[in-house]
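Novice: Taken in sequence, the protein lines are chains A and B.
Here the first sequence stands for residues 1 to 281, numbered as in our numbering.
Here the second sequence stands for residues 1 to 296, numbered as in our numbering.
Hints are computed from structural coordinates only; laboratory data are not their basis.
Computed from a predicted structure; not experimentally measured.
Some hints could be false.
Stated by the list, open to error - Derived, one-sided and incomplete: chain A residues facing chain B with beta-carbon distance under 10 Å:
(1) P33
(2) G46
(3) F49
(4) L52
(5) M53
(6) R89
(7) T141
(8) V143
(9) I147
(10) V150
(11) I154
(12) Y214
(13) S244
(14) A251
Claimed, not checked - Beta-carbon label-pair distances, calculated as ranges:
(15) A:R189 <-> B:L29: 34 to 40 Å
(16) A:E132 <-> B:D115: 38 to 44 Å
(17) A:E48 <-> B:D148: 24 to 30 Å
(18) B:L58 <-> A:E48: 28 to 34 Å
(19) A:R129 <-> B:V146: 54 to 60 Å
(20) B:M136 <-> A:K95: 29 to 35 Å
(21) B:M60 <-> A:P93: 49 to 55 Å
No residue lacks a Cβ here, since even glycine has one placed at the ideal position from N, Cα and C.
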Amino acid sequence: MSGKAKKGKSVLPGFGLTMGVTVALLSLLILIPLASVLVYAFHMSGKEFLELMLRQNVRQAFVTSISCAFIAAVVNCVFGLILAWVLVRYDFPGKRLMDGMIELPFALPTAVAGITLSKMYSDEGAIGRMLEHIGIKASYTKVGLTIALVFVGIPFVVRALQPVLEKLPETYEEASTMLGASRGYTFRRVILPELMPALLTGFGLALARGIGEYGSVIYISGNSAKEGTQVVSYIIMQKLNSGSVDYEGAAAIALILLLISFFLLFLINIIQIAASRRTKQ
Amino acid sequence: MKNQESMTMESSKNQKGAGSGEGKLARCLLIGISVLFLLIMLVFPLVEVIYRSLKEGLKMYGDALTAPNTLSALGVTLIAAVIALAVNTFFGLCAAWLITKFDFRGRQLLSTLIDIPFSISPVIAGLAFIMTFGRMGWAKPLIDGVNDLFGTDISLVFSVPGVVLATIFVTFPFVSRELIPVMQAQGSAEEEAAAMMGAKGLTIFRRVTFPHIKWALLYGMILCAARALGEFGAVYAVSKARGKTFTLPLEIDALYMAGSADSITQAFAVSSLLVIMAIIILILKQIVEYRGKREQ
Chain A
1 MSGKAKKGKS VLPGFGLTMG VTVALLSLLI LIPLASVLVY AFHMSGKEFL
51 ELMLRQNVRQ AFVTSISCAF IAAVVNCVFG LILAWVLVRY DFPGKRLMDG
101 MIELPFALPT AVAGITLSKM YSDEGAIGRM LEHIGIKASY TKVGLTIALV
151 FVGIPFVVRA LQPVLEKLPE TYEEASTMLG ASRGYTFRRV ILPELMPALL
201 TGFGLALARG IGEYGSVIYI SGNSAKEGTQ VVSYIIMQKL NSGSVDYEGA
251 AAIALILLLI SFFLLFLINI IQIAASRRTK Q
Chain B
1 MKNQESMTME SSKNQKGAGS GEGKLARCLL IGISVLFLLI MLVFPLVEVI
51 YRSLKEGLKM YGDALTAPNT LSALGVTLIA AVIALAVNTF FGLCAAWLIT
101 KFDFRGRQLL STLIDIPFSI SPVIAGLAFI MTFGRMGWAK PLIDGVNDLF
151 GTDISLVFSV PGVVLATIFV TFPFVSRELI PVMQAQGSAE EEAAAMMGAK
201 GLTIFRRVTF PHIKWALLYG MILCAARALG EFGAVYAVSK ARGKTFTLPL
251 EIDALYMAGS ADSITQAFAV SSLLVIMAII ILILKQIVEY RGKREQ
């Protein structure tokens, strides 16, 4: 309480200046342009809007984007958990190199990742040929699309888990082991619940990124309407590029995509607030 | 206090040495899975880029890198990245100061709004600028008015300024995101003391705040630069002129989409440039992270 009162009459200078700069830049560069998308989307009548959303390729693109991003996020949770565990708990040569590499997908431009993965997993690439032997076609299918999203999403999960795992006291596990619990039971009942908020946060961030992803998926997915490998971002871009430019349509689809992102962001915020309350208790 | 700390540290070290519960087999298995995953998902693609870029020999590699389109794209990429870095660093410092040093209504909302670009599709960023400043955008008459007044010919979409704006958009929260938690953890007691003793704003920042946040600042700037150099979706929407407003990722796209074996090799040659940049960025990031942790 007293802290709050003190902050209210801060002795520190710069409130007006930083407030001005922050609000001005935020409005000019982010909020006003985003608001234009809203305005454009509302140029459409409700009926047109519904018709657009129910169109085969649009519906299909939403299903593809969401389902592939979901599967990729689940895969990332499994491997992200293993990676974070190994990086925090074990010591072995090359660990720091491994740790540094995790963020490669953030540092590597998505277009580069996109064309590379697309070639690697096609029938002229090493991995693509191997997969073909066992009857899986990766490039230009949803499998390839999901692989690209796994690539893009892995750092989100690992980086969300690492700090929490570092702080998790090993005494919990010791107590559980001493009380006779097996390692598997300890993991399921002691460790996993502690990691859950971080895991869900990582999952949510990877999912949000995956649903809107463009650069890394458009090459490997093949963008075929027939195969159902067009993603939502591709549909939006198509409406901006093709001979028949359709700004309203692009804005309307973007609006739905925005709502999905905000919803995920909102859920992540709730998870984090709940988690911080839990640790305070 | 210190003694206790070192004791707990020692005990956790001991545990690590003795393994933290799993048998040796399970440990090796988990490490094996991790190594395999990273090899297949992250290392192989890097090797693939280098291999494909050099497949047709060094001459072709050199030619691809010195092609006029590539050089122009490199220039645009660097301009956009430098401006985005400058704007977002300035913004990040202001926003972090505002959010961590003052308590005001709407602070939480402001901090959420700043993070928006982080979680939305980059394609939407490009779209937003087209709809604001484009041919049918509501701000187009405004820009035209300014152009008439000053006799200039500025265009904010399908031009280099458009590329810069789109790049700023997608990297907007990168610096503030890194600064805010660090400044929050630091509190403002030291700054308040300095202010009471009569120090001016900039002096307080330079002498009291800056030493605490310099690594976080650098870290945020590195992330910002990485994203700015590689942004594709947002820029793709607002850049149409190859050799004029294309950035390196767009040039890669154009070469790759041309589809001939030669142009695909060239696409990978240009990609190798960005791979090298990415590796440099990762190394810098690792150094900054390490130094920052050590100073704490």
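Novice: With reference to the structure, classify each hint as holding or not holding.
Specialist: Status of each hint after checking the structure:
Here the hint on P33 (chain A) is kept, as its CB sits about 4 Å from the closest CB of chain B, short of 10 Å. A cut of 10 Å between beta carbons decides the hint on G46 (chain A): the least distance to chain B is about 20 Å, and the hint is violated. Restraint check, F49 (chain A) versus chain B: the minimum CB separation of about 16 Å is more than 10 Å; hint violated. Annotation: L52 (chain A) was flagged as interfacial toward chain B, and the flag is violated, the nearest CB pair being 15 Å apart, outside 10 Å.
Hint on M53 (chain A) is violated. Least Cβ distance to chain B is approximately 16 Å, over the 10 Å limit. A distance limit of 10 Å between C-beta atoms decides the matter here; for R89 (chain A) the minimum to chain B is near 5 Å, and the interface restraint holds. Taking 10 Å as the C-beta contact cut-off toward chain B, the hint placing T141 (chain A) at the interface is violated, the least distance being around 18 Å. At about 14 Å, the closest approach between the beta carbon of V143 (chain A) and any beta carbon in chain B exceeds 10 Å, and the interface hint on this residue is violated.
Checking I147 (chain A) against chain B by beta carbon gives a least distance of about 8 Å; that is within 10 Å, so the hint holds. Here the hint on V150 (chain A) is kept, as its CB sits about 7 Å from the closest CB of chain B, short of 10 Å. Because the smallest distance between the Cβ of I154 (chain A) and any Cβ of chain B comes to about 7 Å, under 10 Å, the interface hint for this residue holds. Because the beta carbon of Y214 (chain A) sits about 4 Å from the nearest beta carbon in chain B, less than 10 Å, this interface hint is met.
Because the smallest distance between the Cβ of S244 (chain A) and any Cβ of chain B comes to about 14 Å, over 10 Å, the interface hint for this residue is violated. Evaluation of the A251 (chain A) hint against chain B yields a held restraint, the C-beta minimum of about 6 Å falling below 10 Å. Checked against the given bound of 34 to 40 Å, the beta carbons of R189 (chain A) and L29 (chain B), roughly 21 Å apart, lie outside it. Restraint check, E132 (chain A) to D115 (chain B): a C-beta distance of roughly 42 Å satisfies the suggested window 38 to 44 Å.
At roughly 36 Å, the beta-carbon separation of E48 (chain A) and D148 (chain B) lies outside the given 24 to 30 Å, and the hint is violated. For L58 (chain B) paired with E48 (chain A), a C-beta distance near 56 Å fails the hint of 28 to 34 Å. Checked against the hint of 54 to 60 Å, the pair R129 (chain A) and V146 (chain B) passes, with Cβ atoms roughly 57 Å apart. Checked against the given bound of 29 to 35 Å, the beta carbons of M136 (chain B) and K95 (chain A), roughly 54 Å apart, lie outside it.
Between M60 (chain B) and P93 (chain A) the C-beta distance comes to about 38 Å, which lies outside the given range of 49 to 55 Å.
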